[in-house]
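Please work from the sequences and hints to get the whole structure.
Position 658, counted from 1, in the sequence shown is what our numbering calls 658; the numbers after and before it change by one each time, with no gaps.
These are calculated hints, taken from the structure and not from any lab test.
Please note that a few of the clues may not be correct.
With a Cα cut of at most 25 Å, we get these calculated SDA-like pairs of lysine to any residue [claimed, not checked]:
| no. | residue 1 | residue 2 |
| --- | --- | --- |
| 1 | K71 | E108 |
| 2 | K180 | V213 |
| 3 | K462 | T891 |
| 4 | K71 | D184 |
| 5 | K71 | R81 |
| 6 | K180 | P206 |
| 7 | K71 | P173 |
| 8 | K177 | R976 |
| 9 | K177 | Q143 |
| 10 | K85 | T52 |
| 11 | K71 | A141 |
| 12 | K85 | A56 |
Across the chosen pairs, the derived CB separations fall in these ranges [said to hold, decoys possible]:
| no. | residue 1 | residue 2 | range |
| --- | --- | --- | --- |
| 13 | G612 | F909 | 41 to 47 Å |
| 14 | E330 | E64 | 40 to 46 Å |
| 15 | P244 | A602 | 41 to 47 Å |
| 16 | D577 | S914 | 41 to 47 Å |
| 17 | R715 | G107 | 50 to 56 Å |
| 18 | L815 | E783 | 18 to 24 Å |
Just so you know, these numbers come straight off a predicted model, no measurement behind them.
Beta carbons: idealized from backbone N, C-alpha and C, even for Gly.
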Amino acid sequence: MRSASEQTDGPDGAGGAGAGEPPAPEEHAYPDHWEADVVLRDGGTARVRPITADDADRLVSFYEQVSDESKYYRFFAPYPRLSAKDVHRFTHHDFVDRVGLAATVGGEFIATVRYDRIDGRGRPASSPADEAEVAFLVQDAHQGRGVASALLEHIAAVARERGIRRFAAEVLPANTKMIKVFTDAGYTQKRSFEDGSVRLHLDLEPTDRSLAVQRAREQRAEARSVQRLLAPGSVAVVGAGRTPGGVGRTVLRNLRDAGFTGQLYAVNPALDTPAADLDGVPAFPSVAAIGAPVDLAVVAVPAERVPEVVADCGEHGVRGLVVLSAGYAESGTEGRERQRALVRQARSYGMRIIGPNAFGIINTAADVRLNASLAPEMPAAGRIGLFTQSGAIGIALLAGLHRRGAGLSSFISAGNRADVSGNDFLQHWYDDPATDVVLLYLESIGNPRKFTRLARRTAAVKPVVVVKGARHSGSAPPGHRVPVTRIPHATVSALLRQAGVIRVDTVTELVDAGLLLAGQPLPAGPRVAILGNSESLGLLTYDACLTEGLRPQRPLDLTTTATPADFRDALAAALADDACDAVVVTAIPWVGIEGTTEVLAASLREAVAGSGAAGAAKPVVVVHVEMGGLAEALSAATSTRPAPARTRRPTAAAAPTAAETAAAPAPQETQAAQEAQTAPEPQPPAPARNIPAYPAAERAVRALAEAVRYGQWRRQAAEPGRVPEYDSIDETGAAALIDRVLGERGAGQESRGVTLTADEARELLGRYGIEVRPTLPAPGPDEAVAAAARLGYPVALKTTAPHLRHRPDLGGVRLDLATEEQLRTAYAELTEALGKPAELQPVVQAMVPRGVDTVVRAAIDPAAGAVLSFGLAGAASELLGDTAHRLVPATDRDAAELVRSIRTAPLLFGWRGSAPVDTPALEELLLRVSRLVDDHPEIVSVALEPAVVAPTGVSVLGAVVRLAPAAPTTDLGPRRLPGY
1 MRSASEQTDG PDGAGGAGAG EPPAPEEHAY PDHWEADVVL RDGGTARVRP ITADDADRLV
61 SFYEQVSDES KYYRFFAPYP RLSAKDVHRF THHDFVDRVG LAATVGGEFI ATVRYDRIDG
121 RGRPASSPAD EAEVAFLVQD AHQGRGVASA LLEHIAAVAR ERGIRRFAAE VLPANTKMIK
181 VFTDAGYTQK RSFEDGSVRL HLDLEPTDRS LAVQRAREQR AEARSVQRLL APGSVAVVGA
241 GRTPGGVGRT VLRNLRDAGF TGQLYAVNPA LDTPAADLDG VPAFPSVAAI GAPVDLAVVA
301 VPAERVPEVV ADCGEHGVRG LVVLSAGYAE SGTEGRERQR ALVRQARSYG MRIIGPNAFG
361 IINTAADVRL NASLAPEMPA AGRIGLFTQS GAIGIALLAG LHRRGAGLSS FISAGNRADV
421 SGNDFLQHWY DDPATDVVLL YLESIGNPRK FTRLARRTAA VKPVVVVKGA RHSGSAPPGH
481 RVPVTRIPHA TVSALLRQAG VIRVDTVTEL VDAGLLLAGQ PLPAGPRVAI LGNSESLGLL
541 TYDACLTEGL RPQRPLDLTT TATPADFRDA LAAALADDAC DAVVVTAIPW VGIEGTTEVL
601 AASLREAVAG SGAAGAAKPV VVVHVEMGGL AEALSAATST RPAPARTRRP TAAAAPTAAE
661 TAAAPAPQET QAAQEAQTAP EPQPPAPARN IPAYPAAERA VRALAEAVRY GQWRRQAAEP
721 GRVPEYDSID ETGAAALIDR VLGERGAGQE SRGVTLTADE ARELLGRYGI EVRPTLPAPG
781 PDEAVAAAAR LGYPVALKTT APHLRHRPDL GGVRLDLATE EQLRTAYAEL TEALGKPAEL
841 QPVVQAMVPR GVDTVVRAAI DPAAGAVLSF GLAGAASELL GDTAHRLVPA TDRDAAELVR
901 SIRTAPLLFG WRGSAPVDTP ALEELLLRVS RLVDDHPEIV SVALEPAVVA PTGVSVLGAV
961 VRLAPAAPTT DLGPRRLPGY
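Here's what the structure looks like:
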């Protein structure tokens, strides 16, 4: 595929606007913010960066490895080698009108893309062309990995930044792969057939479809990268010592004892020659000495030796690393730099990292059985996926789940999360057939926007339960530079619940909720039946249900003489009762009767099994007091359903990994034909339900209440609302204003941000259809009169001094001043009562229709991302905290709920005979603010105060907007891995 600018003088690519050597491009600073690491379709990584004049040798080497057919598709003619003129042209860019990007692995080019602005040379700067020719070339060995699709996303973002709105490309009809790259991207496009080639025109404005395609590709690629780590065909433990003990030798033993189904190797750099074995495992002095493919390396050597191990692994095709070594970011400034270097080095080879300072990973699938961790025992196979940042918490959670009979599908303790994070595992678990419930222990959320997006999508198909540590010591990740606004912990919890996340406070509650959600159906509602052989325990359960907002029935007391058969019959009756949605069984020990625990467990399981379809839809939990062994008995006979068997070729060294053969099919719009999948075998029938047991009523009811709330969210998530489009939004103009302000005043302001002037804020908000009523300064009475003449009477006179804001009780606002005399009198009274004009900073503003004063805000919270807030102005929101919040981007449904969820909402809807206000206009204002913040991550806070909502319309009287350079972990723009 070639661009038109390369066709004017033949295949040497020397042409442009005319024949001969193109003029030297104007010098521009190297745009390092265009650099990015991306995950490709097969789960490997590549680095995308601008091509520079230093890349001449790399470009020549790259071109020599491209097939003649691909060269022909690129230049429409046989073209075996690049001329010196070609090399100069393709490596010298101005980063504005001519841009080239390369995808690199190991520092070498694997693909290139470039655009040339049409008619770019010689045009006046005041009249930029907004169309460019684009051309790709992908090394044959890397075709089919999604490299071109990733490059298209990045070159399109670069083009939009440089004012280009359309791409044009000319492709030979036989080049179906490249045509598919364009047609599958989701951009609005036109296609024509001219002179034997296909002419494509792409509108680069993002669409819902292009965003959906981008997110689908991101999910599939990141899930595959995790699958490659969890289901390797071969594992090497680097740092396995000769003598028993030590981290490396421990992991090697754990892998062997778990029955890992692939090839296992030990690597000890201290070995001069290959040893016979360590613990029965073949041992070698290096990965290179193994002489066979290695998919995963577990690194357990001192931090100073890790770089040489990474180089050895990268040069011999290792796909991923689990770095157990400590001495990185957790150890201070020097360690943080060592960690950044580790990530840079590993990604340069296309490898992903779990860790460093990791506890390890576990996959219980029968065809994998991977225990690449420090956990001495392999957990039972189950339906729970568990992610923790802390090894100590991981140990506690593994032990707690094991004691209570719960199994895992996979476990990851990621340590410092320098690369692979909880977001990556959410991508994996989203469509993992072996996982029904996701449990996360997080101490920080590096990319809150992406986390809430992924959590919302995953929660729509399976529960996501989160416990967050370090709530009071800070939520922002290390090095977080963007100004943030911390909102209360309870509010963060509510926001995450809005995204479908089940937020709990302790690891005990994490296990409690996970047990119920993994073994029981979701309740259809809050009605709870309670039965048991203790009246007091039943009453405690009843009170706990009321505390959690459930609707309990009167407890059924079976009395202390009740037999297991009585429990069975009572439970069967409750499950058949249409008036309840869940059942809590309470039990205390029988006196003088042996073996009753096992009999009771069998009776309860019998009641559940025989309850029919109606009973099968109701969860059952058990509260027991001093009945040792009941939890184990309830779970002993309920084996978890195994994951679908995955086909594996018999030779481990040459076979694709299980992750590759089990990858989910791609959506239709994304190159599905190029990804042949192995169909899973039919699943066996689901087993009997695992009935969770709890030693306290409060714990059981709290877990049940979480399931009820999550079930309600799932039902509502089927109709989440939509983010409306507005014709009056000028996203480009707003971006230009933001860039100008940050360019002029943003240097060195990352920690504090830049506050826009009143005129700048009015202009920015106006680009999104939000009108801020003008305010004119009045440093003296004459200036106040002149301002009123400009605005028109009646006017308001008010102070803007910081110490007088939000203090209407001090009389700093005078309204409905209809004449010059009234204005002068009010000015004199104001200054006499409150101080000199220089201290008061008076302003004059035109009067607006009377209504209800409200406050609309948006801000960045380190734990939740961008948040939209609403409340009434004054004491209601300031003193009583009566403010509602929703995550950005807000839907029309979110805006409606936001307005109605504050306690003082009746004031908006005609309380005590007052006129109802224009809530549709208020909801539109909220949606426009949400869209503004979502479109421009440089906006760190917006405050519209007051926004007066009248019976007709809403008037914004004051606005404060703060900017800061966008964080590198924003969830907008082309997909990329977090920076290091």
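Here is how each hint holds up against the structure:
With a CA separation close to 18 Å, the supplied pair K71 and E108 stays within the 25 Å bound. Proximity of K180 to V213 is assessed by CA-CA distance (about 13 Å); at most 25 Å being required, the pair is judged to hold. Distance check on the hinted pair: K462 and T891 sit about 22 Å apart at the alpha-carbon level, within 25 Å; holds. The straight-line distance between the Cα atoms of K71 and D184 is roughly 23 Å, inside the 25 Å bound, and the hint therefore holds.
With a C-alpha separation of about 9 Å, the suggested pairing of K71 with R81 holds against the 25 Å cut-off. Only pairs whose Cα atoms come within 25 Å are accepted, and K180 paired with P206 is accepted, the gap being roughly 18 Å. Between K71 and P173 the CA atoms are separated by roughly 15 Å; this keeps the pair inside 25 Å, and the hint holds. Simply put, K177 and R976 have alpha-carbon atoms about 23 Å apart, close enough for the 25 Å limit, and the pair holds.
For the suggested pair K177 and Q143, the alpha carbons sit about 9 Å apart, so the restraint of at most 25 Å is met. For the hint linking K85 to T52, the alpha-carbon distance of about 15 Å falls within 25 Å, and the restraint holds. Of the supplied pair hints, the one linking K71 and A141 holds, its CA atoms being roughly 14 Å apart against a limit of 25 Å. Taking the CA atoms of K85 and A56, the gap is about 11 Å. The hint holds against a cut of 25 Å.
Checking the proposed 41 to 47 Å range against G612 and F909 shows it holds: the Cβ atoms sit about 45 Å from each other. At roughly 45 Å, the beta-carbon separation of E330 and E64 lies within the given 40 to 46 Å, and the hint holds. Roughly 44 Å separates the CB atoms of P244 and A602, a value that falls within the hinted 41 to 47 Å. Take D577 and S914: their Cβ atoms lie about 46 Å apart, and the range 41 to 47 Å holds.
The hinted range of 50 to 56 Å is satisfied by R715 and G107, whose Cβ atoms lie roughly 52 Å apart. For L815 and E783, the hinted distance range of 18 to 24 Å is satisfied, since their beta carbons lie about 19 Å from each other.
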